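Build the full structure now, drawing on both the sequences and the hints.
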Amino acid sequence: MDTVIDIDRLTKTYGSRRGLDDLTLSVRAGEVFGYLGPNGAGKSTTIRLLLDLIRPTSGTARVLGLDPRADAVALHRRIGYLAGDFVVDGRQKAGECLTFLGNLRGGVPAVRITALADRLELDLGARVKSLSKGNRQKVGLIQAFMHEPELLILDEPTSGLDPLVQQTFLDMVAEARADGRTVFMSSHVMSEVEAVADRVAIVREGRLVALDTVADLRARSYLRVRITFADPVPAAEFALPGVTGLRVDGTVLTCDVDGSPDALIKAAARHTVVGLRADSQDLEELFHTYYARGEAAPAA
Amino acid sequence: MTTLAGTFSRSVFSKTLYDNRRVFAVWALATALLATMYAAFYPQMTADTAATVPDAMSGFGMDDLSSAAGYLQGPVFGLLVPLLATFYGAATGARMISADEESGQLDLLLAHPVGRTRLLLQRFAALAAGAVAIAAAVLAGLLAVRTGAGLGSVGTGGFAAQAAHLALLTLLFGGLATGIGAATGKGRAPVFGITAGIGVASYAVNGFAPQIGAEWLRNLTPFHYYIGGEPLKNGFRPADAAVLAAVTLLVMAVGAWRFTRRDLAR
Chain X
1 MDTVIDIDRL
11 TKTYGSRRGL
21 DDLTLSVRAG
31 EVFGYLGPNG
41 AGKSTTIRLL
51 LDLIRPTSGT
61 ARVLGLDPRA
71 DAVALHRRIG
81 YLAGDFVVDG
91 RQKAGECLTF
101 LGNLRGGVPA
111 VRITALADRL
121 ELDLGARVKS
131 LSKGNRQKVG
141 LIQAFMHEPE
151 LLILDEPTSG
161 LDPLVQQTFL
171 DMVAEARADG
181 RTVFMSSHVM
191 SEVEAVADRV
201 AIVREGRLVA
211 LDTVADLRAR
221 SYLRVRITFA
231 DPVPAAEFAL
241 PGVTGLRVDG
251 TVLTCDVDGS
261 PDALIKAAAR
271 HTVVGLRADS
281 QDLEELFHTY
291 YARGEAAPAA
Chain C
1 MTTLAGTFSR
11 SVFSKTLYDN
21 RRVFAVWALA
31 TALLATMYAA
41 FYPQMTADTA
51 ATVPDAMSGF
61 GMDDLSSAAG
71 YLQGPVFGLL
81 VPLLATFYGA
91 ATGARMISAD
101 EESGQLDLLL
111 AHPVGRTRLL
121 LQRFAALAAG
131 AVAIAAAVLA
141 GLLAVRTGAG
151 LGSVGTGGFA
161 AQAAHLALLT
171 LLFGGLATGI
181 GAATGKGRAP
191 VFGITAGIGV
201 ASYAVNGFAP
211 QIGAEWLRNL
221 TPFHYYIGGE
231 PLKNGFRPAD
241 AAVLAAVTLL
251 VMAVGAWRFT
261 RRDLAR
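Chains X and C supply the protein sequences, listed in that same order. Under my numbering, the first sequence has 233 at position 233, and the numbering climbs by one with no breaks. Under my numbering, the second sequence has 44 at position 44, and the numbering climbs by one with no breaks.
Hints were generated in silico from the structure; no laboratory data involved. Predicted model, so just to flag it, every value in this text is computed and none were measured. Check before you lean on any hint, since a few could be wrong.
Claimed, not checked - One-sided and incomplete, this derived list gives chain C residues near chain X with beta-carbon spacing under 7 Å:
1) 10
2) 17
3) 83
4) 104
5) 105
6) 107
7) 112
8) 113
9) 115
10) 260
Heads up, the beta-carbon is just placed ideally off N, CA and C, and yes, glycines get one too.
This is the structure:
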């Protein structure tokens, strides 16, 4: 199977409010797919639709070739899910909770639970209510990973985790991919996803605004250029295709360059250049550009 | 992990029972204790005290406090026990779906390979076990004081029949609260409030209907089918019991029907 998640024109409205607007995307088998967007962009709505916790207003979704609603029970057997706000009854011990959830899946070997708990440094004997936010999130991660599902759907998996545990989590995701499993994870922070994701989708206000590989997104990021000349230069000479945010302040020129910087360099070469500095915009910044510009983003 | 917790983590049903073990035990013991205490007061009832009960209370089963069956149908099985059963049903029913939906735990359970109807039924089965425990504890308590409190004129079978009707009444309100939660996705507090409100209102209708000359209104309240046939004297009333069971089935069926079709709240 090549496509693990196939979302076609999925729309979900809550009264007059749009949770998700005509979303189409597909996730391939074996990839780590980052699903990014600010809070309230529709990430959790998408995920809850895939798990049949809510039903679409229109459009369809297929997960592992199955219908999320008609085949819910069969499908859930093959999915590991971590909710954006993972909650369980606080009175039980972490280990009891995990055993119970494992039993709902027909049983999960105890050694697998303890191995994950050791790795994430979680005390299985502690009552859930006595655990910190980060430790509770570990319980959530373990229940999502413990049955080694074909597909992991993780909603903001790293929230509350300290950096060391975040790294462990990213290792677990990488291992899942190495085993041929598929991971769909949402986040509102690019850097979390950047390290492990093969492809990234960015949603904003329920719409898809960008979908690309991390490498291509990086290539798409533009250069931030600053050139210092020996003498003042006229701005008009540098109004070139691909150049935006142009500012000439006496002898100093600053601008952003999208695509090849060739034309800019040739224009600058007509003058005496005393300094040149070009920084590529990092993905975090690019991500914020998408947030801000929404559908006006380049070639989504 | 203790073996006990492990044993009870096999299914949603047993896990719910285990998680609620203290709550269910307290309900059963408290209801049984109060019922037994009130029943034990019977020897102190004299013709005089019986006569001081206002006429307006006759519809609540307070018309014949001198006979043992009449007394038990008054303050014990006519007032205290059914209202406690109603509140148990409303409170527990509101926790079976609504409380977990409110907290977000339902998302987690239903993302597992557990169908919605199955979850609903297992939760209701746990509530039913608690209801049966209440009825059994009440029965045990009353049988324990039966002779000592001079209630010997009511047979063991009569007590058992009334306890069975009690269990069915408890299930009805438990089913109502569970069903309302499943159908609407409202939170725990409103589901409890609505169910308890319906319970108290229908109790009042059953009590006051004879005084306002609308005896027929009683047929619309579950309390009529719970005690109207006087199971203490007449034994188990299959037709009345069937009405209680049918209504429970109906509200649960409607709840399940809506539950499988709606969005989970967040």
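Verification of the supplied hints:
Satisfaction of the interface hint for residue 10/C is found here, the shortest Cβ-Cβ separation to chain X being roughly 5 Å, below the 7 Å cut-off. Taking 7 Å as the C-beta cut-off, the interface hint given for residue 17/C is violated, the closest approach to chain X being about 12 Å. Contact between residue 83/C and chain X, as hinted, is not supported at the beta carbon level, the nearest pair being about 28 Å apart and thus beyond 7 Å. Here the hint on residue 104/C is kept, as its CB sits about 4 Å from the closest CB of chain X, short of 7 Å.
For residue 105/C, the interface hint holds, the least distance from its beta-carbon to any beta-carbon of chain X being 5 Å, beneath 7 Å. This hint holds: residue 107/C has a C-beta 5 Å from the nearest C-beta of chain X, less than the 7 Å allowed. Given hint, residue 112/C at the interface with chain X, holds; its Cβ is 4 Å from that chain's nearest Cβ, closer than 7 Å. A distance limit of 7 Å between C-beta atoms decides the matter here; for residue 113/C the minimum to chain X is near 4 Å, and the interface restraint holds.
With a least beta-carbon distance of about 5 Å to chain X, the hint placing residue 115/C at the interface is held under the 7 Å criterion. Violation of the interface hint for residue 260/C is found here, the shortest Cβ-Cβ separation to chain X being roughly 9 Å, above the 7 Å cut-off.
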